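> Sequence:
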Amino acid sequence: MQRNLYKLEFNSPFGTYTIVSFNENIAGVWLFNQKFFGGKFDISSIETKETNSLKLAKNWLTEYFEGKNPSISNLPLCFEGSEFQKEVFKILLKIPYGKLVRYGDISKKLAKIRGLKKMSSRAVGAAIGKNPISIVVPCHRVIGSKGKLTGYSGGIETKSNLLKLEGIDLNNYKSYLFEI
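Just so we're on the same page, my numbering is the position in the sequence shown counted from 1, plus 246.
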C-alpha cells in the first residue's frame with residue numbers, strides 16, 4: 247500500500263501551524279517549533295500539497311481562529327501513538343469548546359474505563375503532551391488541579407491565548423469546568 251504524506255502551512259494569530267495528512271487523514275497539526283514538532287514525521291521531507299483533507303483542516307482552523315466553534319465531525323483524523331495515548335486523545339475530543347478539564351479528572355475517567363482504582367495524572371499529562379493533532383484535539387483545554395496552566399507543548403502563552411479566544415476567563419476557571 248502506498249503511503250501518501252502531504253503537508254500544508256497555516257498562518258494563525260499565534261504563529262504558523264503545519265498540518266500533515268497521511269493517506270487523506272489528518273495526522274498532525276503542530277505549531278512551528280513546538281515541543282515534539284512533527285512527531286514521527288520528518289516534516290522537511292514531506293511534499294506541500296493542498297489535498298481535500300488538508301483543505302478541510304485549514305478551513306477548520308480558519309473558523310476556529312475567527313472565534314467560531316467548528317465541528318470536527320467532517321475531519322478525517324488519524325491518531326498516532328500508543329493505545330494509552332489514543333484513549334487519552336479520545337477523551338480530549340469530548341471536551342467542549344469553551345470548557346476546561348483537569349488532568350486529574352481525565353486520569354480518574356481513564357482509571358474507571360480500565361477498571362483501576364487510580365491512574366497517574368503524570369502519565370495522562372505525558373500522553374497529552376504528545377498529542378499530534380493540537381487544537382483540533384483540544385489538549386489546550388486541560389488545566390492543573392487548581393486552575394493553573396501547565397504542560398502545553400506549544401507554550402503556556404499560546405495555551406492562554408487559545409483559551410481566551412474561546413472566551414475562558416482563567417480568573418474564574420471553576421465556572422468553565424466540564425465533567426468528563
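Note that these hints are calculated values from the structure, not bench results. As the structure is a computational prediction, the values presented were derived from the model and not from experiment. Ideal Cβ positions, reconstructed from N, Cα and C, are used throughout, including at glycine. Hints may be right or wrong, so weigh each one.
Stated by the list, open to error - Quick list of the computed label-pair ranges, beta carbon to beta carbon:
id, residue 1, residue 2, range
1, Lys420, Pro259, 25 to 33 Å
2, Leu395, Ile318, 19 to 27 Å
3, Phe330, Ser391, 18 to 26 Å
4, Glu296, Ala369, 36 to 44 Å
5, Ser319, Lys392, 30 to 38 Å
6, Lys358, Ser290, 24 to 32 Å
7, Glu293, Asn418, 23 to 31 Å
Said to hold, decoys possible - Only pairs whose alpha carbons sit at most 27 Å apart, straight line, appear in this in silico DSSO-like list of lysine-lysine:
id, residue 1, residue 2
8, Lys355, Lys301
9, Lys410, Lys376
10, Lys295, Lys354
> All hints are to be evaluated individually against the structure, with a verdict given for each.
Now for the hints, and whether the structure bears them out:
no., hint, in the structure
1, Lys420 - Pro259: 25 to 33 Å, "holds, 27 Å"
2, Leu395 - Ile318: 19 to 27 Å, "holds, 23 Å"
3, Phe330 - Ser391: 18 to 26 Å, "holds, 21 Å"
4, Glu296 - Ala369: 36 to 44 Å, "holds, 37 Å"
5, Ser319 - Lys392: 30 to 38 Å, "holds, 34 Å"
6, Lys358 - Ser290: 24 to 32 Å, "violated, 42 Å"
7, Glu293 - Asn418: 23 to 31 Å, "violated, 46 Å"
8, Lys355 - Lys301, "violated, 34 Å"
9, Lys410 - Lys376, "holds, 23 Å"
10, Lys295 - Lys354, "violated, 41 Å"
When each numbered hint is compared with the structure, violations occur for hints 6, 7, 8 and 10.
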